[in-house]
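Here the protein sequences line up with chains A and B, keeping their order.
Counting in our numbering, the first sequence runs from 1 upward without gaps.
Counting in our numbering, the second sequence runs from 1 upward without gaps.
Since the hints were derived computationally from the structure, they do not count as laboratory data.
One should not assume that every hint holds.
[Stated by the list, open to error] Beyond 10 Å from chain A on every Cβ pair, some chain B residues (computed):
1. 64
2. 66
3. 67
4. 72
5. 87
6. 123
7. 141
8. 145
9. 157
10. 159
11. 160
12. 163
13. 165
14. 166
15. 179
16. 181
[As the list claims (entries may be wrong)] Chain A stretches covered by chain B per the calculated footprint, using a threshold of three residues with CB under 8 Å from any CB of chain B:
17. 130 to 142
18. 169 to 180
The beta-carbon is built from N, C-alpha and C at its ideal position, and this holds for glycine as well.
Number of protein chains: 2
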Amino acid sequence: MSFEYLVDPARGPQWAGVLPGRPVPYVLRRGEGEHAMLFRDVFTVLLSGDETENQFGVVVSDSPAGDVIPTHAHNATHETFYVIEGTVRLFFEDAERQKQSQLLRAGDFGFVPAGFAHAYQIVEHARIMGTLSGGFERFFQHMGTPTDSAGPDQPPFVPDPPRMQAAAQQHDMRFLPDHTWPDA
Amino acid sequence: MSFEYLVDPARGPQWAGVLPGRPVPYVLRRGEGEHAMLFRDVFTVLLSGDETENQFGVVVSDSPAGDVIPTHAHNATHETFYVIEGTVRLFFEDAERQKQSQLLRAGDFGFVPAGFAHAYQIVEHARIMGTLSGGFERFFQHMGTPTDSAGPDQPPFVPDPPRMQAAAQQHDMRFLPDHTWPDA
Chain A
1 MSFEYLVDPA RGPQWAGVLP GRPVPYVLRR GEGEHAMLFR DVFTVLLSGD ETENQFGVVV
61 SDSPAGDVIP THAHNATHET FYVIEGTVRL FFEDAERQKQ SQLLRAGDFG FVPAGFAHAY
121 QIVEHARIMG TLSGGFERFF QHMGTPTDSA GPDQPPFVPD PPRMQAAAQQ HDMRFLPDHT
181 WPDA
Chain B
1 MSFEYLVDPA RGPQWAGVLP GRPVPYVLRR GEGEHAMLFR DVFTVLLSGD ETENQFGVVV
61 SDSPAGDVIP THAHNATHET FYVIEGTVRL FFEDAERQKQ SQLLRAGDFG FVPAGFAHAY
121 QIVEHARIMG TLSGGFERFF QHMGTPTDSA GPDQPPFVPD PPRMQAAAQQ HDMRFLPDHT
181 WPDA
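Okay, chain A solo, but in the shape it has when bound (with noise of 0.2 Å):
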């Protein structure tokens, strides 16, 4: 593990140019990837906008239990939630703006497209995968912290409110603090 870039910003973490910011092919193993700290999440992207013509980008995040995503909404971008490991509670705003609570284990996805509200809260330490439209892969990068550590083996990042507004403007969300969810 390796934090002196957080020192000295230049030198930036290890895992810059992992990716090849162009439309070639590539392989990353388990672990690789540009990984991010936000609260106690790690966030890792394995392939962003600039190796798809902006299309998508894939991300895995590692959370452990009891965290929670606040509510949020993304104008322009559509997400999904592939649970590889562990348990999460999505709430999300179906079609007819009903508030839904699912629980989804390995193996079960979820859809949320631009516009409708969503958070989810990990009820066991899980491993989810997420395809998002290209670009949004790197707001956990802008609002979280860049890290070399794969791992939940570190101290959590707290970002400040400005670095969140600023984070939310860039990436067009809005969070949505007076939300409230069945069985949250």
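Use these hints to put chain B onto chain A, whose structure you have.
What follows is chain B alone, placed relative to chain A:
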């Protein structure tokens, strides 16, 4: 398991209508989705371009050991390979047009953008998740055949050459039978 639509295609598979066909939220449980049998592989569409403004689709494949997806290239489709379970050998031309052969295990990830020849071989029974440029996810239904079973306990479906050519043409991809690979 129900095959009556193979006798009377107008009845359609039971999964018809499982995906909303427009950008609204939904959840699928493990084993749900649009299943198609192609050779000995079951391809399950979890998300299509209809739900993502044609940005991307998501497919899970279940494939027995020994299966080979022959060499091909997509003219306009980017494609990912995330190994959920099992072992897969991915063959691809890299940015320098060198032929690569990489063994992917659970948690490993491969990316092949439009225009690059690739193939893969199932080394150990594998479950693979792929994200594809929107629309290509239907290829497996067009070259294969719809089925209501998510499991491998069903007869293989071997398309005849005209069906293969029609599906390839419809989805703007080329088979490259003269290609050879190291370690194949």
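Practice prompt. Could you work out which earlier hints the structure fails to respect and list their numbers in ascending sequence?
Written response: Violated hint (a single one): 18; every other hint is consistent with the structure.
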